[in-house]
Amino acid sequence: MAPAQELEVQQKRELEKKDESTIPARVFLPNTDIFETEDALTVVMEMPGVNREHADITVEDDVLSVSGRIDFSKYENLQPVYTEYNVGHYRRSFNLAPNSFDEHRISAEMTHGVLTLTLPKAERVKPRKIPLR
Amino acid sequence: MALSLADPFDTLFRFQRALEQQLDSDWLENATSGIGAFPSINVFQRGSDFVAIIELPGVSKDDLGLEVRGNTIRIYGKKTLDYGAKASMHRRERIAGNFDRTISLPVRLDPDRITADYREGILALSLPRAESDKPKAIKVN
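Chains A and B, in that order, are what the protein sequence lines are. Quick note: the first sequence, position 67, residue 67 per this note's numbering, numbers continuous. Quick note: the second sequence, position 52, residue 52 per this note's numbering, numbers continuous.
Watch out, some of these pointers could steer you wrong.
Subject to a maximum C-alpha distance of 16 Å in a straight line, what follows is the list of computed EDC-like cross-link-like pairs (lysine to aspartate or glutamate) [stated by the list, open to error]:
hint: 1; chain 1: B; residue 1: Lys86; chain 2: A; residue 2: Glu38
hint: 2; chain 1: A; residue 1: Lys121; chain 2: A; residue 2: Asp102
hint: 3; chain 1: A; residue 1: Lys126; chain 2: A; residue 2: Glu103
hint: 4; chain 1: A; residue 1: Lys12; chain 2: B; residue 2: Glu20
hint: 5; chain 1: B; residue 1: Lys86; chain 2: A; residue 2: Glu36
hint: 6; chain 1: B; residue 1: Lys78; chain 2: B; residue 2: Asp63
hint: 7; chain 1: B; residue 1: Lys61; chain 2: B; residue 2: Asp117
hint: 8; chain 1: B; residue 1: Lys134; chain 2: B; residue 2: Asp49
hint: 9; chain 1: A; residue 1: Lys121; chain 2: A; residue 2: Glu103
hint: 10; chain 1: B; residue 1: Lys134; chain 2: B; residue 2: Asp110
hint: 11; chain 1: B; residue 1: Lys78; chain 2: A; residue 2: Glu6
hint: 12; chain 1: A; residue 1: Lys121; chain 2: A; residue 2: Glu38
hint: 13; chain 1: A; residue 1: Lys121; chain 2: A; residue 2: Asp39
hint: 14; chain 1: A; residue 1: Lys121; chain 2: A; residue 2: Glu36
hint: 15; chain 1: B; residue 1: Lys78; chain 2: A; residue 2: Glu8
hint: 16; chain 1: A; residue 1: Lys126; chain 2: A; residue 2: Asp39
hint: 17; chain 1: A; residue 1: Lys126; chain 2: A; residue 2: Asp102
hint: 18; chain 1: A; residue 1: Lys74; chain 2: B; residue 2: Asp117
hint: 19; chain 1: A; residue 1: Lys129; chain 2: A; residue 2: Glu38
hint: 20; chain 1: B; residue 1: Lys86; chain 2: A; residue 2: Asp39
hint: 21; chain 1: A; residue 1: Lys12; chain 2: B; residue 2: Glu93
hint: 22; chain 1: B; residue 1: Lys78; chain 2: B; residue 2: Asp100
hint: 23; chain 1: B; residue 1: Lys136; chain 2: B; residue 2: Asp49
hint: 24; chain 1: A; residue 1: Lys126; chain 2: A; residue 2: Glu38
Some chain A residues well away from chain B (every beta-carbon gap over 10 Å; in silico) [what the hints assert, rightly or not]:
hint: 25; residue: Thr58
hint: 26; residue: Val59
hint: 27; residue: Glu60
hint: 28; residue: Val63
hint: 29; residue: Leu64
hint: 30; residue: Ser67
hint: 31; residue: Asn95
hint: 32; residue: Ser100
hint: 33; residue: His104
hint: 34; residue: Ser107
hint: 35; residue: Glu109
hint: 36; residue: Pro120
hint: 37; residue: Glu123
hint: 38; residue: Lys126
hint: 39; residue: Lys129
hint: 40; residue: Ile130
Worth flagging that the hints you see were computed from the coordinates, not collected in a lab. Glycine included, every Cβ here is placed at the ideal spot set by N, Cα and C.
Please put together the full structure from these sequences, using the hints given.
Following this line, the structure appears as structure tokens:
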């Protein structure tokens, strides 16, 4: 990572819905980083404007789903005069390798609009060193 | 466009439409250094004052700088990502780097009353219009 690089704007990507929605509003995909260490898989998602009460994380049938809702009451009585980005809820889901994670020990943390999920690996998928005899 | 919260879904849709309609707005004209530069800025009107809302997810307060001179506001800082040394990346969509952007508003501001609030990755700048810039009612004799 070279932090000296100039930042560029990332256009928000819209969620492509598998199922049809009854709500006409647009939902965006949070920018996501996924990385792995020896003990855990970490998923980092950018969801500016979502506070911890409005973030929803579920793991069901090996699918990790995250949704974040924006509090629109903050925009009440505000009239847009100049805009460069759109605002909406966030939703994204990932398929997890079956039985690879300890689902009961998944932890989540939210700082500066960034959600960090840590999925500890199940014991059986952790790398094991095999001693030479 | 007054936002009422009677139907939250409808409100969201109408709000997104209103944001979209302003995408080609020339309100700031050439007053912003580089349209499309980071970070993206939305400007709203609230009564006679203005509010600028800027998304800066993952930027810590200590890495964020703000300066005001006259009508010009400078937002600068850096965004860093930390993965730890031994991590192997599977997906990388977030970007890190420095940013420095200046916007000038086409109205006179009261620099002493400008306030900034940063939470949940969103910087909200409250930009009150200078008293001298506000329309004055003239009494007809």
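Hint by hint, here is what the structure shows:
1. B:Lys86 with A:Glu38: 8 Å, holds
2. A:Lys121 with A:Asp102: Roughly 6 Å between the alpha carbons, so the hint for Lys121 (chain A) and Asp102 (chain A) holds.
3. A:Lys126 with A:Glu103: 15 Å, holds
4. A:Lys12 with B:Glu20: 13 Å, holds
5. B:Lys86 with A:Glu36: Judged against 16 Å, a Cα distance of about 8 Å means the pair holds.
6. B:Lys78 with B:Asp63: Holds. Lys78 (chain B) to Asp63 (chain B) sits at ~6 Å (cutoff 16 Å).
7. B:Lys61 with B:Asp117: 10 Å, holds
8. B:Lys134 with B:Asp49: 9 Å, holds
9. A:Lys121 with A:Glu103: 9 Å, holds
10. B:Lys134 with B:Asp110: 11 Å, holds
11. B:Lys78 with A:Glu6: 9 Å, holds
12. A:Lys121 with A:Glu38: With a Cα-Cα distance of about 8 Å, the restraint between Lys121 (chain A) and Glu38 (chain A) holds, given a limit of 16 Å.
13. A:Lys121 with A:Asp39: 6 Å, holds
14. A:Lys121 with A:Glu36: Since the Cα atoms of Lys121 (chain A) and Glu36 (chain A) sit roughly 10 Å apart, the hinted pair holds (cutoff 16 Å).
15. B:Lys78 with A:Glu8: Measuring from Cα to Cα gives roughly 12 Å; hence the hint holds.
16. A:Lys126 with A:Asp39: Holds - the C-alpha atoms of Asp39 (chain A) and Lys126 (chain A) are around 7 Å apart, at most 16 Å.
17. A:Lys126 with A:Asp102: 11 Å, holds
18. A:Lys74 with B:Asp117: 13 Å, holds
19. A:Lys129 with A:Glu38: 12 Å, holds
20. B:Lys86 with A:Asp39: 11 Å, holds
21. A:Lys12 with B:Glu93: Given pair Lys12 (chain A), Glu93 (chain B) holds - Cα atoms ~11 Å apart, limit 16 Å.
22. B:Lys78 with B:Asp100: 9 Å, holds
23. B:Lys136 with B:Asp49: 15 Å, holds
24. A:Lys126 with A:Glu38: 7 Å, holds
25. Thr58: It holds; Thr58 (chain A) is separated from chain B by about 20 Å at its closest Cβ, greater than 10 Å.
26. Val59: The assertion about Val59 (chain A) holds, with a minimum of 17 Å to chain B.
27. Glu60: At roughly 21 Å from the nearest Cβ of chain B, Glu60 (chain A) sits farther out than 10 Å, so the non-interface label holds.
28. Val63: 16 Å, holds
29. Leu64: 13 Å, holds
30. Ser67: 14 Å, holds
31. Asn95: 12 Å, holds
32. Ser100: Holds: least Cβ distance 13 Å, greater than 10 Å.
33. His104: 23 Å, holds
34. Ser107: 15 Å, holds
35. Glu109: Glu109 (chain A) is indeed farther than 10 Å from all Cβ atoms of chain B, at 13 Å.
36. Pro120: 14 Å, holds
37. Glu123: Given a closest Cβ separation of 19 Å, the condition holds.
38. Lys126: 14 Å, holds
39. Lys129: Lys129 (chain A) is indeed farther than 10 Å from all Cβ atoms of chain B, at 15 Å.
40. Ile130: 20 Å, holds
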